[in-house]
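A.B. asks: Sequence:
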Amino acid sequence: MNPVQKALWFVEGHLQNDLSLESIAAACHVSPYHLTRAFAATMGLSLMRYVRARRLSEAAQRLAAGADDILTIALDYQYGSHEAFTRAFRERFERTPEQVRAQGYLAELSLKD
Numbered sequence: 001m002n003p004v005q006k007a008l009w010f011v012e013g014h015l016q017n018d019l020s021l022e023s024i025a026a027a028c029h030v031s032p033y034h035l036t037r038a039f040a041a042t043m044g045l046s047l048m049r050y051v052r053a054r055r056l057s058e059a060a061q062r063l064a065a066g067a068d069d070i071l072t073i074a075l076d077y078q079y080g081s082h083e084a085f086t087r088a089f090r091e092r093f094e095r096t097p098e099q100v101r102a103q104g105y106l107a108e109l110s111l112k113d
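In this note's numbering, the protein residues as written are 1 to 113.
In silico SDA-like links for lysine to any residue, alpha-carbon gap of 20 Å or less:
hint : residue 1 : residue 2
1    : K6        : Y33
2    : K6        : G44
3    : K6        : M43
4    : K6        : R37
5    : K6        : A27
6    : K6        : S46
7    : K6        : T36
8    : K6        : A41
9    : K6        : V30
10   : K6        : P32
11   : K6        : R52
12   : K6        : R54
13   : K6        : Q16
14   : K6        : N17
15   : K6        : R49
16   : K6        : S23
17   : K6        : T42
18   : K6        : L21
19   : K6        : E22
20   : K6        : A53
21   : K6        : L19
22   : K6        : S31
23   : K6        : A38
24   : K6        : H29
25   : K6        : D18
26   : K6        : A26
27   : K6        : M48
28   : K6        : S20
29   : K6        : L45
30   : K6        : Y50
31   : K6        : H34
32   : K6        : A40
Calculated directly from the structure, the hints in this document are not laboratory data.
From just these sequences and the hints, can you work out the full model?
C.D. replies: Given below as C-alpha cells:
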C-alpha cells in the first residue's frame, strides 16, 4: 500500500481523533514533507484540507439523520466550539448545521467521500 492509501485508511479510521500531519505521517512511516507532497499530487488537495472535508461530511450526515446536539457533533469532530464548527460548516456547504438538520437530507451538499 502506498503512503497516500495508508494515509486515507488511517484518516478514515480516526476521523474523531486528534489528527495532525505528523501523526498521520508517522502511521504511514514517511516524513510529513513526503506525505504532504504525495497526497497533494495524488488527491489534488492537502491532507489536512481532506481531513477537514471528511469530518464536515460525516457531521453533515449525522445532522441530516436528525442528531440532536450540534455542540456534541462539533466536539466529536475536533472543533473547539459550536461557533467554529458552524463557521467551517457554512464555508464548506453554504448552509448552517441547523439548516441541514431541519432539512433532513443531504441533497445539494458536496460531500467528500
